Amino acid sequence: MNKFYLILLFIFIASLHAQEYKLGRGYEVYKENKLALTLGGHIDINLYASSNKDESVELGQAGVILSGEYTPRLHFLVEMGSDDIYIHNLSHSQNETTDIQLMRLYGEYRFSDALEVKVGQFLTPIGIWNRTYIPALRWSAFTPYVAQGFFPKIIAGGLLNGRFFEEREFSYSVFYHVDGEHDTNKNNVKAKEFIGGELRYHFTPLAKIAIPFGRYRSDSSKEINSFAGLNLLLPFDKNELSTELIYKEGKWMESNGYKNRWKSYAWYLQYVHHIYKASYLSVRYGEKRRLKSKNGINWNERNAVFGYIYKPKTAFSIKTEYRHVERNGLNTFHSDEGLLSFSVLF
Amino acid sequence: MKVFVALLLAFSLFAESWSVVYVSKKLHIKKSDVKNIYFKKMREKNGLSITALNLSSSHPARKAFLKSVLGSDLHNWDIYYDQMYFMGIKSPPVLNSSKSMMSFLSKIEGAVGYIPTELVKNKHIELTRFEF
Numbered sequence: 001m002n003k004f005y006l007i008l009l010f011i012f013i014a015s016l017h018a019q020e021y022k023l024g025r026g027y028e029v030y031k032e033n034k035l036a037l038t039l040g041g042h043i044d045i046n047l048y049a050s051s052n053k054d055e056s057v058e059l060g061q062a063g064v065i066l067s068g069e070y071t072p073r074l075h076f077l078v079e080m081g082s083d084d085i086y087i088h089n090l091s092h093s094q095n096e097t098t099d100i101q102l103m104r105l106y107g108e109y110r111f112s113d114a115l116e117v118k119v120g121q122f123l124t125p126i127g128i129w130n131r132t133y134i135p136a137l138r139w140s141a142f143t144p145y146v147a148q149g150f151f152p153k154i155i156a157g158g159l160l161n162g163r164f165f166e167e168r169e170f171s172y173s174v175f176y177h178v179d180g181e182h183d184t185n186k187n188n189v190k191a192k193e194f195i196g197g198e199l200r201y202h203f204t205p206l207a208k209i210a211i212p213f214g215r216y217r218s219d220s221s222k223e224i225n226s227f228a229g230l231n232l233l234l235p236f237d238k239n240e241l242s243t244e245l246i247y248k249e250g251k252w253m254e255s256n257g258y259k260n261r262w263k264s265y266a267w268y269l270q271y272v273h274h275i276y277k278a279s280y281l282s283v284r285y286g287e288k289r290r291l292k293s294k295n296g297i298n299w300n301e302r303n304a305v306f307g308y309i310y311k312p313k314t315a316f317s318i319k320t321e322y323r324h325v326e327r328n329g330l331n332t333f334h335s336d337e338g339l340l341s342f343s344v345l346f
Numbered sequence: 347m348k349v350f351v352a353l354l355l356a357f358s359l360f361a362e363s364w365s366v367v368y369v370s371k372k373l374h375i376k377k378s379d380v381k382n383i384y385f386k387k388m389r390e391k392n393g394l395s396i397t398a399l400n401l402s403s404s405h406p407a408r409k410a411f412l413k414s415v416l417g418s419d420l421h422n423w424d425i426y427y428d429q430m431y432f433m434g435i436k437s438p439p440v441l442n443s444s445k446s447m448m449s450f451l452s453k454i455e456g457a458v459g460y461i462p463t464e465l466v467k468n469k470h471i472e473l474t475r476f477e478f
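Residue numbers (the working numbering), protein chains in the order written: chain A, 1 to 346; chain B, 347 to 478.
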């Protein structure tokens, strides 16, 4: 673990002194003929307080990224790191740590703009939140419900990507996740036979509307889950509006076949406004509902997040956020949480 | 062989006119293609790989190019390519001057860049380099 911190620190400091270095783009460590290698990483440090939990200092997500390009058609990426790497409970002076592991490892070959093939372990290319993945690229350090338990955030298998039509305004991704046994504790959902995709229309390079869909078998039971959704990302002038909606149905095997469907859905609406120079304000409302659950109890949870973001560079931000959470129907509770986070991609 | 220099469009920069230029017989690029090329949504056309070239972010022509041709700005450009870097895709190579860009354009078929229009019009520039 200590070696990992030293490597991360070394890369960060070395890259700051590198010539032609730009924060958020890594440091080119090798370039010869057709091969170029870039080394970088990301760090996220949080100070967290809650009305229901102890205060803590957290080294949240951190990772070392090595990416390479061998000709313009072939590129690959390796990321070592983890989520919640180190949590120090300030009330009880206790520490929790998570081992460093292989987060991503893949190679991608581009046959044409309409067909790219990716093989390995990579982020599930669905939605807005799951694709950005690290706090340095997000407007909030609090993860919305849509990205928590509706589909595995990482898949190990194959992916087809592409853009089509003259203006390349449509794009697609379809993937297959090989087996749940490849999952470790880094994944939010243990799944096997996971097949899915997303269809997108791009208004501009940054603005899009997309429809994700998928189906997977739960690794721990004989449960089959199907989901579909809608997401919209719309930057305009000094504002950004984004929303994601996802709906999931499940059924499980009984002696006389698949039965007892349950349904759940989640959504959020987020608005970010650029107020002055490097200062931004954000507000997000989100909700999650489960209907016809296994134990017969329906429940819902909702939250609101308000944040001030200081972002002097696009790859570096300091966020101060407040979140209010309410849960009704099962294990009813409400909480107020505060977070100060520092995150950088380098 | 005949020199094939395509001037796609020109944009003014402090009274100096710049042009988007590529050097190839195979490419036929429209203005909307330039945007897709620079955001790496279009990385080939007519079977030819395309390489977009940029001047440094402090160069005034870069900002004018982003605004006039790509309909974007440095902030949105950086947000886009931070995300792309995280997925292992690099931003277009940056060159220090329009002369460097001219040099690169002359060597790489399928390279797209922007240079002062005068450099293209001026017969004293080494257009012979582009003959192939």
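Simulated from the structure, these hints should not be mistaken for lab results. Mixed in with the good hints, there may be bad ones.
Stretch by stretch, here's where chain B covers chain A in the computed footprint (C-beta under 8 Å, at least three residues) [stated by the list, open to error]:
1. 23-34
2. 198-206
Calculated pairs, SDA-like style, for lysine to any residue (alpha carbon to alpha carbon, straight line, at most 25 Å) [what the hints assert, rightly or not]:
3. B:Lys372 with A:Lys277
4. A:Lys263 with A:Lys238
5. B:Lys387 with A:Leu39
6. B:Lys409 with B:Lys372
7. B:Lys453 with A:Lys311
8. B:Lys413 with A:Leu35
9. A:Lys238 with B:Lys372
10. B:Lys377 with A:Phe165
11. B:Lys387 with A:Leu35
12. A:Lys238 with B:Ser414
13. B:Lys372 with A:Phe10
14. B:Lys436 with B:Glu455
15. B:Lys436 with A:Lys263
16. A:Lys34 with B:Glu455
17. A:Lys277 with B:Leu416
18. B:Lys387 with A:Val174
19. B:Lys413 with A:Leu137
20. B:Lys371 with A:Thr243
21. A:Lys277 with B:Lys409
22. B:Lys387 with A:Lys277
23. A:Lys311 with A:Lys263
24. A:Lys277 with B:Ile454
Which residues of chain B face chain A? A partial, calculated answer using Cβ under 8 Å [to be verified]:
25. Phe385
26. Lys387
27. Met388
28. Asn392
29. Ser395
30. Lys436
Being a predicted model, the structure only gives us computed values, none of them experimental. Don't be surprised by glycine CBs; every beta carbon is placed ideally from N, CA and C.
Now the hints, each set against the structure:
no. : hint                   : result
1   : 23-34                  : holds (count 3)
2   : 198-206                : holds (count 4)
3   : B:Lys372 with A:Lys277 : violated (44 Å)
4   : A:Lys263 with A:Lys238 : violated (38 Å)
5   : B:Lys387 with A:Leu39  : holds (24 Å)
6   : B:Lys409 with B:Lys372 : violated (29 Å)
7   : B:Lys453 with A:Lys311 : violated (39 Å)
8   : B:Lys413 with A:Leu35  : violated (32 Å)
9   : A:Lys238 with B:Lys372 : violated (40 Å)
10  : B:Lys377 with A:Phe165 : holds (16 Å)
11  : B:Lys387 with A:Leu35  : holds (22 Å)
12  : A:Lys238 with B:Ser414 : holds (18 Å)
13  : B:Lys372 with A:Phe10  : violated (46 Å)
14  : B:Lys436 with B:Glu455 : holds (20 Å)
15  : B:Lys436 with A:Lys263 : violated (41 Å)
16  : A:Lys34 with B:Glu455  : holds (16 Å)
17  : A:Lys277 with B:Leu416 : holds (23 Å)
18  : B:Lys387 with A:Val174 : holds (18 Å)
19  : B:Lys413 with A:Leu137 : holds (23 Å)
20  : B:Lys371 with A:Thr243 : violated (44 Å)
21  : A:Lys277 with B:Lys409 : holds (18 Å)
22  : B:Lys387 with A:Lys277 : violated (30 Å)
23  : A:Lys311 with A:Lys263 : violated (39 Å)
24  : A:Lys277 with B:Ile454 : violated (39 Å)
25  : Phe385                 : holds (4 Å)
26  : Lys387                 : holds (4 Å)
27  : Met388                 : holds (5 Å)
28  : Asn392                 : violated (11 Å)
29  : Ser395                 : holds (5 Å)
30  : Lys436                 : holds (6 Å)
Hint compliance for this structure: hints 3, 4, 6, 7, 8, 9, 13, 15, 20, 22, 23, 24 and 28 are not met, and every other hint is.
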